[in-house]
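Assemble the complex: chain A is given as a structure, and chain B must be docked to it using the hints.
Residue numbers (this note's numbering), protein chains in the order written: chain A, 1 to 314; chain B, 1 to 645.
Hints were generated in silico from the structure; no laboratory data involved.
A hint or two may mislead.
Said to hold, decoys possible - Lysine-lysine pairs mimicking BS3-like chemistry, simulated, CA-CA at most 30 Å apart:
1) B:252 <-> A:53
2) B:252 <-> A:71
3) A:53 <-> B:531
4) B:233 <-> B:164
5) B:164 <-> B:200
What the hints assert, rightly or not - Derived Cβ-Cβ restraints for the label pairs, each shown as a range:
6) B:345 <-> A:171: 32 to 38 Å
7) B:493 <-> A:300: 47 to 53 Å
8) B:525 <-> A:300: 54 to 60 Å
9) B:60 <-> A:88: 45 to 51 Å
10) B:478 <-> A:4: 51 to 57 Å
11) A:207 <-> B:329: 47 to 53 Å
12) B:60 <-> A:171: 34 to 40 Å
13) A:56 <-> B:184: 35 to 41 Å
14) A:18 <-> B:446: 51 to 57 Å
Beta carbons: idealized from backbone N, C-alpha and C, even for Gly.
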Amino acid sequence: MTGFIIRRLGEAIIVTLGVTLITFLLLHALPGSLARDILGNRASPQAIAAFNKQNGLDTSVFNQYWLFLDKLLHGNLGYSFQYNRTVDSLLASELPRDVVLGGLALIFSLAIAIPIGVAQAVRRNGALDYAGTGVSFVLYSMPQYAIALLLIQFLAISFHVFPAEAPQSASALGMLEHPAGLVLPVASLTLVTYALFSRYMRSSAIDTLAQDYIRTARAKGLPERLVLTRHLLRNSLIAVVTLVGLSIPTILTGTLIIEQVFNYPGAGLEYFNAALRNDYEVMLGITVLVGIITVLGNLLADIGYAILDPRIRY
Amino acid sequence: MRTTIAVIGTGFVLLAAAACGSSSSSSGGSGAGSSGSPSTSTSAAPTAGPGLTSPTAPSGAKQTGGTVYYTEGAGATPNYIFPMTSAQVCGTTNITQLNAMMYRPLFWYGNNYQPTIDYDYSIGKQPTFSDNNQTVTIKLNPWKWSNGETVTSRDVMFWINLYKADPSKNYCGYVPGYFPDNVTSVQAPDPQTVVLHLNKSYNPEWFTYNELSQIYPLPLAWDRTSLSQPAPKTDNGHLPDATKAGAESVYKFLDTQSKALGTWATSPLWSVVDGPFKLSSFTTTAQVTLVPNPDYSGSPKPTISKLVELPFTSDAAIFNEIRSGGPSAVTVANLPSQYAPQSATVEGEGYVLNRAASYSVNYFPLNFNNPTVGPIFRQLYFRQAFQHLIDQQGWIHAFLHDTAIPTYGPIPVSPESPLASVNASTNPYAFSTSAAATILSSHGWKVAPGGTTTCEHPGTAANECGAGISSGQPISFNIDYQSGVASVESEMNDLEAQAKRVGININLTSHPFPTVIGTAIACKPTEPDCKWTSENWGAGWIYGPDFLPTGESLYQNGSVANYGSYNDPKANSLITATITGPAANEKQALTAYAQYIEQQVPVVFGPTSIGTYQGDAGTLVAKNLGGYAANALGYMNPEDWYFTK
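Just chain A, with the same shape it has in the complex (with noise of 0.2 Å):
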């Protein structure tokens, strides 16, 4: 195992290098400049040459590329012109609230899905499958956008039960102090999250119920409950591993509507925002960022593979 991490880590290395490499070479194929998005159309030929010159803009674009690798190897994820601060300190700022938000809503989706997912397996084709299948099917099928704005509309707006928008506190902790406001990005993260989960883990345990294991199981007269607990839901859950370890990166960094909505700072936005903006230092912390927590992702499902199925060895 501990080879496999290390050669897994050594793959994420050049993955993440190439992901960098293609993302800054499309970048700057991308119309418009830095130098003219940050000084404004008032700027003078001079102000922009003398601009670019200060920051290697007026250098070929592989040797930026590699002042951004010597930088990155540096622990500098460079520097965002547009709020006057490094990369990496924004990011420290927005990642722990990011993890808070998309940490709560994977634990609360997954609490919610994998019970719901078995019962409608184990109920197939009955009405608490039918019911399960039809919410699932909604929520899936809604923008996110709706399902904020829903919620805000009726628990914040007309009966206010909850705040509008998350807490304003700039650290996680700090977040977490009121969790009133928390409640509903985290629930609208949730519930798409939730239709997602609930479908796999459905799919996946009516595919383990036509195991053999499972008939013997109970041929053999284990109470129904051990059969789901031990034998069911275990050998189900890969699916739902992989699943989970797939979205990891889309959690923390592609809550993009949730951020806008709910006024919650976080990277997914600040991606955004950055491309827009051609704040391309940004976008390109943020990527790296992506492309390691992609590979941790993919990591952290593979170990889960072995831990859930001893027959996996790596």
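Just chain B now, with coordinates in the frame of chain A:
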């Protein structure tokens, strides 16, 4: 996600401002609300033009204290505190919503709803011009910095020294050849007097509104190159800013400190203020908390105990917070433009709507140097025909919720000012596709309604297409407009349809605001960046810090924002006349300039939105907040605000 900061054009990305000029403006400053207590300023504040509204004073008893919660623009948070702003940090979020409330500019531009200087709120007294308008003398009021030092002429020279030392000349508002290039020397004959000697005679109004508007006195406590050095209190003759190299070092130090956002609230530099407020806290999410400066010299003193500026990630988040929290959560909020239809609903929840205007003109440029269609754009008749295709009244009603005003030329119509009267009273190129077709037909084009109009008679005679246009050439070009703003998209779709009726083929593309405005650059036909044909970033130009709308940045040959490369000798000389002529002739010069530009249409004029300075639908003010009046030039005066019981 509008925020669109759409406005701009200039360095003051959002700070616009205005100007005013004319002889009457020289006495500006004593108007309604400028001098008295907050309670008189609101109710007496005039509205400033058609479609504009202002809140009335609340009826309850005035209270001392209370916290005002104010919404920052969506995604627009302060990132620079040093009040010498370079182009890259030049915007309302830094200047009007942060710096100017702590560090006062030499003159306070905007007198409530009037685009004039308010001398009652200014450190500087009205400047006097002598020596054939080549010498400017400015007397200072004896204001105090919060560290006990007096605001002196040396503080003004400190600012000028830093400005002149910048090798890149990248300051907000800098126009090559103008300030400080046109200042030959500066003297401080006594602590309360500054004398500027100019390289030639300038129109005093222009110099006051477009040049002196950039100056902020800086405290000598900042005249150092590291925090470990003691803060200077007086000029001992060896302060570093006195030499160019020293000034560069001081600027670099202050610039670096200003970019250390996390240190703002505790910095020994930024705590020295002369404005009515000082910074109490600044969070990593860019929430700003300002508290009154107890040593503020001006009047009135702040009544509220705290001003908290709230950051938001989107317009939807702003609107949801207003709807769910009401005045207890948000005291003063700019209502995002897409929520204009719901303004009455929101008002019912405890707000009054203030609808003001920025001192701006909406337009979009055509690229005269595009190698293909540039020759067509250079034809005056074509520009006039094209302007006939702009249905300004229809757009205002259908797409802008009747919160915009028609725009025909370079002088803002709203807020009202003495200069507004120089504009044409009627649209010289009223919406008419038949008029456009007639113009094209009479200049050698074979008009094909619904098809493709082509040049039938090339040549340079009066009834021919014009220089550089070949036989059979179609009128086809691209308009790239700002994405994400429904009104702009609707306008461009309508223009495409109207143009098609006279055989002009417009291809529409949309991009984010920075891309659109970044693509519109002055260029030569052979340059690769000159392929753009027309760029519409949605809001034209806000005048600021060029508060007198004289056009030296926009339509003069080679000027910084003459993106389309319009070049007309008569326009050049008319603009020069507005700058260098005597004050007595200013209105005539501006009239001649404005009417010529209206006739020339060097850009395509469109309706200018009103609502707030930042282009929102209006400002929601809690009903129990008095003293609010929108500054016509974008600054904020929360020292006027007060709560009532």
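When the structure is checked against the list of hints, which entries are broken? Sort them ascending.
none
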